[in-house]
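> All chains, full assembly: derive it from the sequences and hints.
2 protein chains.
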Amino acid sequence: MSLVRVNTAFLHNFMATHEVTALQEQVTSIHQMLHSTDAPDFTGWVDYPNTLNTESLHRIQYVAQEMRNNSDIVVVVGIGGSYLGARAVIDTLKPQLFQKDNNAPEILYAGLNISSTYMVELLNYLEGKRVSIIVISKSGTTTEPALAFRFLKNFMDKSFSPDDVKKRIVAITDEKQGALRKLADKQGYQTFIIPDDIGGRFSAFTPVGLLPMAIAGIDIHKLTQGLTKAHKHLNNHNIEQNEAYHYAVLRLILNRKGRDVENYVSSEPNLYYLTEWCKQLFAESEGKDNKGILPIAMTFSTDLHSLGQYVQDGKNIMFETFINTGKPTADIPVPTLDGDIDGLNYLVGKTVNEVNQTVMHATALAHVEGNVPVISLEMDNLDEESLAYLMYMFMKTTAMAGYLNGVDPFNQPGVEIYKTNVFKLLGKPGY
Amino acid sequence: MSLVRVNTAFLHNFMATHEVTALQEQVTSIHQMLHSTDAPDFTGWVDYPNTLNTESLHRIQYVAQEMRNNSDIVVVVGIGGSYLGARAVIDTLKPQLFQKDNNAPEILYAGLNISSTYMVELLNYLEGKRVSIIVISKSGTTTEPALAFRFLKNFMDKSFSPDDVKKRIVAITDEKQGALRKLADKQGYQTFIIPDDIGGRFSAFTPVGLLPMAIAGIDIHKLTQGLTKAHKHLNNHNIEQNEAYHYAVLRLILNRKGRDVENYVSSEPNLYYLTEWCKQLFAESEGKDNKGILPIAMTFSTDLHSLGQYVQDGKNIMFETFINTGKPTADIPVPTLDGDIDGLNYLVGKTVNEVNQTVMHATALAHVEGNVPVISLEMDNLDEESLAYLMYMFMKTTAMAGYLNGVDPFNQPGVEIYKTNVFKLLGKPGY
Numbered sequence: 161m162s163l164v165r166v167n168t169a170f171l172h173n174f175m176a177t178h179e180v181t182a183l184q185e186q187v188t189s190i191h192q193m194l195h196s197t198d199a200p201d202f203t204g205w206v207d208y209p210n211t212l213n214t215e216s217l218h219r220i221q222y223v224a225q226e227m228r229n230n231s232d233i234v235v236v237v238g239i240g241g242s243y244l245g246a247r248a249v250i251d252t253l254k255p256q257l258f259q260k261d262n263n264a265p266e267i268l269y270a271g272l273n274i275s276s277t278y279m280v281e282l283l284n285y286l287e288g289k290r291v292s293i294i295v296i297s298k299s300g301t302t303t304e305p306a307l308a309f310r311f312l313k314n315f316m317d318k319s320f321s322p323d324d325v326k327k328r329i330v331a332i333t334d335e336k337q338g339a340l341r342k343l344a345d346k347q348g349y350q351t352f353i354i355p356d357d358i359g360g361r362f363s364a365f366t367p368v369g370l371l372p373m374a375i376a377g378i379d380i381h382k383l384t385q386g387l388t389k390a391h392k393h394l395n396n397h398n399i400e401q402n403e404a405y406h407y408a409v410l411r412l413i414l415n416r417k418g419r420d421v422e423n424y425v426s427s428e429p430n431l432y433y434l435t436e437w438c439k440q441l442f443a444e445s446e447g448k449d450n451k452g453i454l455p456i457a458m459t460f461s462t463d464l465h466s467l468g469q470y471v472q473d474g475k476n477i478m479f480e481t482f483i484n485t486g487k488p489t490a491d492i493p494v495p496t497l498d499g500d501i502d503g504l505n506y507l508v509g510k511t512v513n514e515v516n517q518t519v520m521h522a523t524a525l526a527h528v529e530g531n532v533p534v535i536s537l538e539m540d541n542l543d544e545e546s547l548a549y550l551m552y553m554f555m556k557t558t559a560m561a562g563y564l565n566g567v568d569p570f571n572q573p574g575v576e577i578y579k580t581n582v583f584k585l586l587g588k589p590g591y
Numbered sequence: 161m162s163l164v165r166v167n168t169a170f171l172h173n174f175m176a177t178h179e180v181t182a183l184q185e186q187v188t189s190i191h192q193m194l195h196s197t198d199a200p201d202f203t204g205w206v207d208y209p210n211t212l213n214t215e216s217l218h219r220i221q222y223v224a225q226e227m228r229n230n231s232d233i234v235v236v237v238g239i240g241g242s243y244l245g246a247r248a249v250i251d252t253l254k255p256q257l258f259q260k261d262n263n264a265p266e267i268l269y270a271g272l273n274i275s276s277t278y279m280v281e282l283l284n285y286l287e288g289k290r291v292s293i294i295v296i297s298k299s300g301t302t303t304e305p306a307l308a309f310r311f312l313k314n315f316m317d318k319s320f321s322p323d324d325v326k327k328r329i330v331a332i333t334d335e336k337q338g339a340l341r342k343l344a345d346k347q348g349y350q351t352f353i354i355p356d357d358i359g360g361r362f363s364a365f366t367p368v369g370l371l372p373m374a375i376a377g378i379d380i381h382k383l384t385q386g387l388t389k390a391h392k393h394l395n396n397h398n399i400e401q402n403e404a405y406h407y408a409v410l411r412l413i414l415n416r417k418g419r420d421v422e423n424y425v426s427s428e429p430n431l432y433y434l435t436e437w438c439k440q441l442f443a444e445s446e447g448k449d450n451k452g453i454l455p456i457a458m459t460f461s462t463d464l465h466s467l468g469q470y471v472q473d474g475k476n477i478m479f480e481t482f483i484n485t486g487k488p489t490a491d492i493p494v495p496t497l498d499g500d501i502d503g504l505n506y507l508v509g510k511t512v513n514e515v516n517q518t519v520m521h522a523t524a525l526a527h528v529e530g531n532v533p534v535i536s537l538e539m540d541n542l543d544e545e546s547l548a549y550l551m552y553m554f555m556k557t558t559a560m561a562g563y564l565n566g567v568d569p570f571n572q573p574g575v576e577i578y579k580t581n582v583f584k585l586l587g588k589p590g591y
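Order-wise, the sequence lines are chains S and X. Counting in our numbering, the first sequence runs from 161 upward without gaps. Counting in our numbering, the second sequence runs from 161 upward without gaps.
Repeated chains share a single entry, so a pair holds when one copy, or any two copies, can fit it.
Below, in silico cross-link-like pairs of lysine-lysine (BS3-like), each with a Cα-Cα straight-line distance of 27 Å or less:
#1 588 <-> 510
#2 510 <-> 342
#3 510 <-> 254
#4 260 <-> 289
#5 451 <-> 475
#6 289 <-> 318
#7 475 <-> 417
#8 417 <-> 451
#9 510 <-> 318
#10 342 <-> 326
#11 584 <-> 510
#12 588 <-> 487
#13 254 <-> 289
#14 382 <-> 260
#15 487 <-> 584
#16 487 <-> 389
Note that these hints are calculated values from the structure, not bench results.
Shown next as structure tokens:
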């Protein structure tokens, strides 16, 4: 059974059923290619759920438990796909909007920018605390995480004994080669392996994501159960039975009708990093060769009072994907106000989440009225299993969408151009 | 002298000088209209810098000091323009990426969403702390802040004595009418006034923004000095001498060439809410009648490893506005690594911010190469004066841009449609 439903009720004004079914043949052949024995490079994530064995999960769990025991803070050093998967899952399932979870170390992130202010503040904050580091990089030479790790390595060497440092730094990197592999082996850090055939933005459920998630108290066994369900259910060429492909096809049809922007909408602020993860996954996989959909994200109703005017009434370049995650982490009834001065007593008897859900529904109707198509992805509730399912589904969606649109969803040539320019201007030897 | 320069060096491939000068006549007539005695409604912000008197600033300062003294936490209750101005200034000038400032109360925000999870976490977090509330709403009946204030009023009435509550709740609202005015007068809360002729998104430097800013330790006298400078310098019809209008004209020309998306880019994560404030200002002012530019924002280099692929190589629907704020809050030299395993020793001798600035410059060049126009707004450093200058400049830019594009920059008709739909579905009496 699928844990995510694709609701097309808000799309009737924008497309006809036959436009969807017309793509079945193409979908079938791409599906067969993705699942064939000579599948393209970097499709290791497709069958990865089958290869996750109890032993490797146990080792992750064991190292995570050690870090939970001996750390006040764990700093995850990585950029792009090296931190977004972990952060998406942690922030979504362990909302810590105002206060830290006392049972888990605080998880911080570094190496995801080159801000000196950020680095100075981070180093000050770490001072005197029991710190551990997870450094994540395939090559070990990506500028941002390598630079951040120089500072953090110095901090660790200064703050802890050599033996303690070895326990407190874990490298997640290539099995055999690269600067980080070399450094980790030389220094005796523990390591986990980034599989060769899985690109950064598809790596959330490899050790890259699973180790930080486990440290934060996420149940990684349940995550893998969700993955296994998704792997099984979404291995189906039929558009009407495979929500990942259905969603891919709907996006493609809307894009071909001139909708160049996709707005990922949620009504819960703790889903912010889930939509950030989506943005990378879809933009890097599909945004190339002058093609693709620009992914943006909004939290409603916050952004209805900011960008809502444009969505409703601006230029029609957008469609929306509502991520409706069902039952919230906590709910609370609307309180009465004596005298009803603010006129809200008509809401008494409802919970806050019921009001929130109604606002989302009313907004979808208003946006359709304003000529903005809305795809609604619906879940009953958000837990480890259903979140992993949703994220695997998105990976399958973007793989299908890329091929349907005639681009390779697994490369990122545009990222290389800016890197080369940077190295030239910085005077890197050889550039 | 202007505190913000508009650098057009990255625009040569995309427009010619005569396209800019061709708009001078239209700019002049809109300028005269904005500054005439029969200016349109909601232009009170234009000359507002002149009306800010020492007495009203002193009162804000006084109330802020009281709240600083008696509060661990100040909750700002407001949505859209009622919190974004304050948050933009506070987060930009008092970066608190990891740790709170011990000399100021923690500033939290509520009434900006309808998330039950958010509200439950907030109420738990406030328990046992010395809390004050600033509730901001012109009408007092906007659903989000009114609903949040019901919870917070109950919390305050339960946690503090009636006399203490009166000192701990400040309402910023209409001078005479509306639900919040009525409630504040009945309960004896202190109040500040939202001027009638200034809309929410233009209200950052009225008490709406100034009170929370002062509580956070922002020097509001220096802010007003920046405003006064901006008011004086940007009161000039000449496109070449008025950066606000120059920027407005560049945006319009790019938009007419099919650039429907503007990407606000900064290289410092603490500018996040400044760009959120920009997004509201520009989207609500210009996104109407099927027109306008969709504002999005990115932090580089973080998002170069996420959305960079699309910007470089995706569909050409975008232009970028780099906000280069000059000298950072803190800087630090790149450390050496023995053996140079990561190959970064060529950066030794530079500071982290020098690397960051070079990456920004190299990225602008790469994006221009990828057919993405880049406007660069440049400042020497970021303090109260220059930030207020920049924000006032943006207000003047969007006012000019709206009129140049044939829309009223001071209304927001699209926001009303969704509200009506919400009230219908929620069963509000009269809908």
